[in-house]
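S.K.: Just so you know, the protein sequences line up as chains A and B, in that order. Sequential numbering of the first sequence, starting at 15, is according to my numbering. Sequential numbering of the second sequence, starting at 15, is according to my numbering.
Simulated from the structure, these hints should not be mistaken for laboratory data. Glycine included, C-beta positions come from ideal geometry on N, C-alpha and C.
Taking CB as the label site, the calculated pair distances span:
1. G183(A) <-> G128(B): 33 to 41 Å
2. Y246(A) <-> R235(B): 49 to 57 Å
3. R38(B) <-> A60(A): 52 to 60 Å
4. G41(B) <-> A331(A): 36 to 44 Å
5. R241(A) <-> R220(B): 50 to 58 Å
Protein chains: 2
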Amino acid sequence: MGSPMAMSGAGGPARGVTRSDVARYAGVSTAVVSYVVNNGPRPVAATTAARVRDAIAVLGYQPNANARALKLGTAGLLGLLVPDTGNPFFAEYALAIEQAATQRGLALLIANSGSDLGVEATLLTDLANRQLDGLIVAGAGGPPVDSTLSGVTAVTPTVFVDTASPVPGYRTVGADKHAGALQAAQHLVEVHGHDNVALLMGRGARHATDERETGWRDALRALDVERGEVAYATFTRHGGYVAGQHLLALRPRPTAVFASSDLLGMGLLRAAHEAGLSIPDDLAIVSFDGTNQAEYCWPPLTTIRQPIQEMAAAAVAAIFDQAAPAHQLFPVSLLARRSCGCSLPDSDLKPDRAGSNPAPPTRHPRKSRKRP
Amino acid sequence: MGSPMAMSGAGGPARGVTRSDVARYAGVSTAVVSYVVNNGPRPVAATTAARVRDAIAVLGYQPNANARALKLGTAGLLGLLVPDTGNPFFAEYALAIEQAATQRGLALLIANSGSDLGVEATLLTDLANRQLDGLIVAGAGGPPVDSTLSGVTAVTPTVFVDTASPVPGYRTVGADKHAGALQAAQHLVEVHGHDNVALLMGRGARHATDERETGWRDALRALDVERGEVAYATFTRHGGYVAGQHLLALRPRPTAVFASSDLLGMGLLRAAHEAGLSIPDDLAIVSFDGTNQAEYCWPPLTTIRQPIQEMAAAAVAAIFDQAAPAHQLFPVSLLARRSCGCSLPDSDLKPDRAGSNPAPPTRHPRKSRKRP
Numbered sequence: 015m016g017s018p019m020a021m022s023g024a025g026g027p028a029r030g031v032t033r034s035d036v037a038r039y040a041g042v043s044t045a046v047v048s049y050v051v052n053n054g055p056r057p058v059a060a061t062t063a064a065r066v067r068d069a070i071a072v073l074g075y076q077p078n079a080n081a082r083a084l085k086l087g088t089a090g091l092l093g094l095l096v097p098d099t100g101n102p103f104f105a106e107y108a109l110a111i112e113q114a115a116t117q118r119g120l121a122l123l124i125a126n127s128g129s130d131l132g133v134e135a136t137l138l139t140d141l142a143n144r145q146l147d148g149l150i151v152a153g154a155g156g157p158p159v160d161s162t163l164s165g166v167t168a169v170t171p172t173v174f175v176d177t178a179s180p181v182p183g184y185r186t187v188g189a190d191k192h193a194g195a196l197q198a199a200q201h202l203v204e205v206h207g208h209d210n211v212a213l214l215m216g217r218g219a220r221h222a223t224d225e226r227e228t229g230w231r232d233a234l235r236a237l238d239v240e241r242g243e244v245a246y247a248t249f250t251r252h253g254g255y256v257a258g259q260h261l262l263a264l265r266p267r268p269t270a271v272f273a274s275s276d277l278l279g280m281g282l283l284r285a286a287h288e289a290g291l292s293i294p295d296d297l298a299i300v301s302f303d304g305t306n307q308a309e310y311c312w313p314p315l316t317t318i319r320q321p322i323q324e325m326a327a328a329a330v331a332a333i334f335d336q337a338a339p340a341h342q343l344f345p346v347s348l349l350a351r352r353s354c355g356c357s358l359p360d361s362d363l364k365p366d367r368a369g370s371n372p373a374p375p376t377r378h379p380r381k382s383r384k385r386p
Numbered sequence: 015m016g017s018p019m020a021m022s023g024a025g026g027p028a029r030g031v032t033r034s035d036v037a038r039y040a041g042v043s044t045a046v047v048s049y050v051v052n053n054g055p056r057p058v059a060a061t062t063a064a065r066v067r068d069a070i071a072v073l074g075y076q077p078n079a080n081a082r083a084l085k086l087g088t089a090g091l092l093g094l095l096v097p098d099t100g101n102p103f104f105a106e107y108a109l110a111i112e113q114a115a116t117q118r119g120l121a122l123l124i125a126n127s128g129s130d131l132g133v134e135a136t137l138l139t140d141l142a143n144r145q146l147d148g149l150i151v152a153g154a155g156g157p158p159v160d161s162t163l164s165g166v167t168a169v170t171p172t173v174f175v176d177t178a179s180p181v182p183g184y185r186t187v188g189a190d191k192h193a194g195a196l197q198a199a200q201h202l203v204e205v206h207g208h209d210n211v212a213l214l215m216g217r218g219a220r221h222a223t224d225e226r227e228t229g230w231r232d233a234l235r236a237l238d239v240e241r242g243e244v245a246y247a248t249f250t251r252h253g254g255y256v257a258g259q260h261l262l263a264l265r266p267r268p269t270a271v272f273a274s275s276d277l278l279g280m281g282l283l284r285a286a287h288e289a290g291l292s293i294p295d296d297l298a299i300v301s302f303d304g305t306n307q308a309e310y311c312w313p314p315l316t317t318i319r320q321p322i323q324e325m326a327a328a329a330v331a332a333i334f335d336q337a338a339p340a341h342q343l344f345p346v347s348l349l350a351r352r353s354c355g356c357s358l359p360d361s362d363l364k365p366d367r368a369g370s371n372p373a374p375p376t377r378h379p380r381k382s383r384k385r386p
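With the rest of the complex left out, here is chain A (with noise of 0.2 Å):
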C-alpha cells in the first residue's frame, strides 16, 4: 500500500484491510478505532486518535461510510438541485446551504439542471437512489415550482426553494419577490422621478409568471406610471446583454430598468456602456439578489437583497423539523449604490460582504435627463 497512485486501479484501494488490523498496527482496541472513525461515542486521547489515523493511512483502511449509512439508516448526505451555480446567486445559495449542511455533520451533493427539465428529471431520479438524508430543489422551470416533480421526491424529504408559492404538499423556502419588485419599481419612481420604468425579466423553463412581474406592474399602476416595457431573458449574462440592447434600443428610451436578478443586471450594465450611456444619468438600474458580485460592478448595483445565508439555514432546518411551516417566506430590502442615482459618500465604504452595509445613503431625485 505504497503511494496513493499505486491504490487507484480498477479495484480501488485494498478492501480486505479489516478495523481489527487498524487496531493491531496502532495498538488499541477495536473499540476505539471506532470512536476515532466515528468522532465518538466516547473521547478519544489526541495522541491515540493521531496513531489510529496513521494506521488507517498506512494500511489504507476504509471506514466504510456505505456500511455505516446501512446501520446508522443514514447517509449523512444532504442533495442539493439547482438550475445554475454559474449564476452568483445560486453559487452564494449553494454555499450557504453546505455551511449549514456541515453544521449538522452531513456532506452536500450537488446537482446542476442547466434549466433542462429533462436533465432535472434524471438527475432527481438518480438524487432519489441514493437515500439521502434529504434533498433542496431549485425548479429548472424557474419559480414558483412545479409540483409534478413529487414521483421521485416521495422518496427523500424534500424542500423547494427559490419559490416565492407555496407548492402543495411540499415545504417550501422563498423571498418576498413581489414585496421586492414594488420596492424597487417605487424607488425609481418615487425618490429618483422616473416615469418609463421597464423590466427585464428572466424566465425558467416553463415560461411562468414571477412575482417580480406582477410586483412591478402593480407599482406602475399603482403610482400611475404609464410607461412600461418588459423584455424576458434566459437566466445568463448573456441573456441580460441581449434583452437589454433590446429595451435600450426602444423609443422613448426608458430611463430606468429594474431587472429581476444581478446577473440580469450585469448584462444591461454592459450593454448600457457599450451604448455609451451614463449610469444612472441615462439609466438607472435596480437589479435583484444582493449577491456579493453586484456591489463590483461598475456603477455598483442597487439591488433587493434576498436574506441567502438565513434562507440556506431554513432549508436545511425544514429537512428535519417536523414543526417547520409548509411556507417560509422571508423579507427582502433595498440596497442602494449608485446605479439608482443614489450614491455612498466614501467613508460609509465598509470592508464587509456586500448587503452588510447599514448606513442609509444619500438620495438624491434626477437633476437632468439626456434624451437620445
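Chain B: place on chain A using the hints.
M.R.: Just chain B now, with coordinates in the frame of chain A:
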C-alpha cells in the same frame, strides 16, 4: 405513505418496502425492478420502466444506494474540495467537474474549505471516510498544493488541481501560470508601452510563492522594466479592492497592473473607478482565469484564460485512468479586451460564453498618459 411531508419524520420514509413489493405492484419480476433501478444490465421497455418508477414512488421504495455501493464496491460518488466557490473561477471549475462526473454516472459531493487549512483537514477526513470513487482537491493553501495531505487522501484515489507544479506521489492538473504571467506582462509592456507594471497577487493560506509572481518578475527582468511593485491580497473581491487601493496610492502610480485572478481584477476595477481613473488610459489591467464574469465587467477585463472545461475533464479522467501522466500542465491564452487598451470592434461581439471569441483584437499602443 401519503404526502412527502408526512414522510419526512425522524424515521424517514418507510424502510420495510422491498424490491418484491415493487415488482408485485408493478406486475413485473424483481429482476426488471433491478434493471430499472440500476439502469441495466438489461434494457427495459419505456412503458414498463415508467410503471416500475410509479410503483417505487407510490410505495416509497428506496433502492438503497448504500447497499448497492457495498455490493459493487463503489458509491458512484466523486468528491470535490475547493477553497471557495464564491470565486467565479472555482464556481465554473466545479460546474465543469460536475459535468465530467455526470458523463461517467457519478454524482458530485462538494466541500468548501474557505481557504482554511484546519477546515480542509477536517473535510478531508470526512471525505476519506465516505468510500468515494475519487477525490479532486484544490488546496486551501493555494498552489502549489501541499503534499502533507497524503495521510487522509491515501484511502481514496486523489487528483490535485489548480497546481502548476507536480506534487510527488499524486496526479496533478494545472494551467501554465508562469507562461500566463509572462504573456500578461509582455503584452502590457510590448503592445501597450507600459514601463511601470505592478502585480496584484492573491495568496493562499500558506503564503507560498506562486508561478504567476515568478512569471511576472521574469518578464519585467527580460524586458528591462524597473518599476514593478507588488501588493498581496486575500483571494476575494474585497482583497483585490484593498490591495488595489494600496497600489493606486503609490507615487509614481503604476500605469498598468497584472491581477493574479479575475476576482482580484474586479476588486481593482472598483478601486480604480472610485479613484476617478479612466481605464485603460490612466490604468491598464490584465487579470487571470478567463471566467465569464470578466467579460461583463466595465470595461471588460483582458484576462489570461485557463482552459477550465479541458482541465476539469482531465482531472476526472485522471481518477480512473492508470495511464494518465502524473502531471498535466495546460497552456493558457490571452483574451484581449478593453481593460488593457485593446478594443474589439462591436461587430465582433458574439453571443458566446467568455473565452470563445477567436477574433483578433485591434491592438493599439497608448497615445497619452495622464499623470497625477
